[in-house]
Amino acid sequence: MHLNPYGQDAVCLMADLTNLPPGSLDELVERCLGAGLVVDMPTDGKDLTRTLDLIERWTEIVDAVDDRRRAELVNRLLATATAHPRLTDHGGSGWHLHYRDNGLPLGEVLQALVAVGTALHLTGRGMSRLGRCAREGCDRVYVDVSRGGAQRYCSPRCSNRDAVRRHRARRS
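Residue numbers for the sequence shown follow full-length UniProt numbering, so the first one is 1 and each next one is one higher.
Keep in mind that the hints were calculated from the coordinates and are not lab data.
If you're wondering where the values come from, they're calculated on a predicted model, not measured in any experiment.
Just to be clear, a hint being listed does not mean it is correct.
As the list claims (entries may be wrong) - DEER-style ranges, computed between Cβ atoms:
(1) CYS138 x GLU60: 17 to 27 Å
(2) THR80 x GLY45: 12 to 22 Å
(3) ALA79 x VAL164: 20 to 30 Å
(4) ARG140 x ASN102: 51 to 61 Å
(5) HIS84 x VAL164: 47 to 57 Å
(6) ARG165 x VAL38: 38 to 48 Å
(7) ASP44 x HIS167: 50 to 60 Å
(8) ASP63 x VAL39: 24 to 34 Å
(9) VAL164 x THR82: 42 to 52 Å
As the list claims (entries may be wrong) - Derived lysine to aspartate or glutamate pairs resembling EDC-like cross-links, with alpha carbons at most 20 Å apart:
(10) LYS46 x ASP101
(11) LYS46 x GLU56
(12) LYS46 x GLU30
(13) LYS46 x ASP26
(14) LYS46 x GLU27
We put the CB at the ideal spot given by N, CA and C, even for glycine.
Build the full structure now, drawing on both the sequences and the hints.
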């Protein structure tokens, strides 16, 4: 099975933005660049607002209780993405599919990337491959890219803390 990294990269960026929403346009651009996104499109004051709205809609997908609802929400997000896929070799990275029209601002590009990326991730890896951390008191979002698809925690730290808590509970 071929897994498209475009899906993984977009959803991992979205999980990062969801877990710690950007506070400014500069921070948003910096974090997109840090995630490997080539930010060669226009940016403006609306991009942060668009992204915060996208985070809210994407969180609904994460929190969907069943596959049908999750698919319905992904389809809604896909319907609002305005970019058309095209081949590009920008930035010397080799030919690849690009989900953005020329001239779209960053917020709209993110919406297209996240919509397509989430659809690719869920259909390629499994509809349950997004979630919230299972550790009590942690509500961080995770993207399950594990081999077996059994991720339940946002990080090894939360997994270890929960294991210690369970061990102590058994001993007392």
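A range of 47 to 57 Å was offered for this pair. Does it hold for the Cβ distance of HIS84 and VAL164? Roughly 50 Å apart at Cβ, these two residues keep to the hinted range, so it holds.
Does GLU30 lie within 20 Å of LYS46 when you go C-alpha to C-alpha? holds, 16 Å
Status of the given 50 to 60 Å range, CB of HIS167 versus CB of ASP44: Given a distance of about 52 Å, which is inside 50 to 60 Å, the answer is holds.
Is it true that the C-beta distance of ARG140 to ASN102 lies inside 51 to 61 Å, as the hint says? violated, 35 Å
Between the beta carbons of CYS138 and GLU60, is the distance compatible with 17 to 27 Å? The hint (17 to 27 Å, Cβ to Cβ) holds, given that CYS138 and GLU60 are roughly 19 Å apart.
Starting from LYS46, check that the Cα of GLU56 is at most 20 Å away, please. Cα-Cα ~16 Å, so holds.
Per the hint of 20 to 30 Å, is the separation of the Cβ atoms of ALA79 and VAL164 within bounds? Check failed, 45 Å falls outside 20 to 30 Å.
For the pair supplied as a hint, LYS46 and GLU27, is the alpha-carbon distance within the 20 Å limit? Roughly 14 Å separates the two Cα atoms, so the pair holds.
Given hint ASP101 paired with LYS46 - CA-CA distance at most 20 Å: holds, 18 Å
Against the range 12 to 22 Å, how does the distance between the Cβ atoms of THR80 and GLY45 compare: consistent or not? Since the Cβ atoms of THR80 and GLY45 sit about 20 Å apart, the hinted range of 12 to 22 Å holds.
State, for the Cβ atoms of VAL164 and THR82, whether the hinted interval 42 to 52 Å holds or is violated. holds, 48 Å
State, for the Cβ atoms of ASP63 and VAL39, whether the hinted interval 24 to 34 Å holds or is violated. Distance hint for ASP63, VAL39 holds at roughly 29 Å.
Violation of the numbered hints given earlier is confined to hints 3, 4; the remaining hints are satisfied by the structure.
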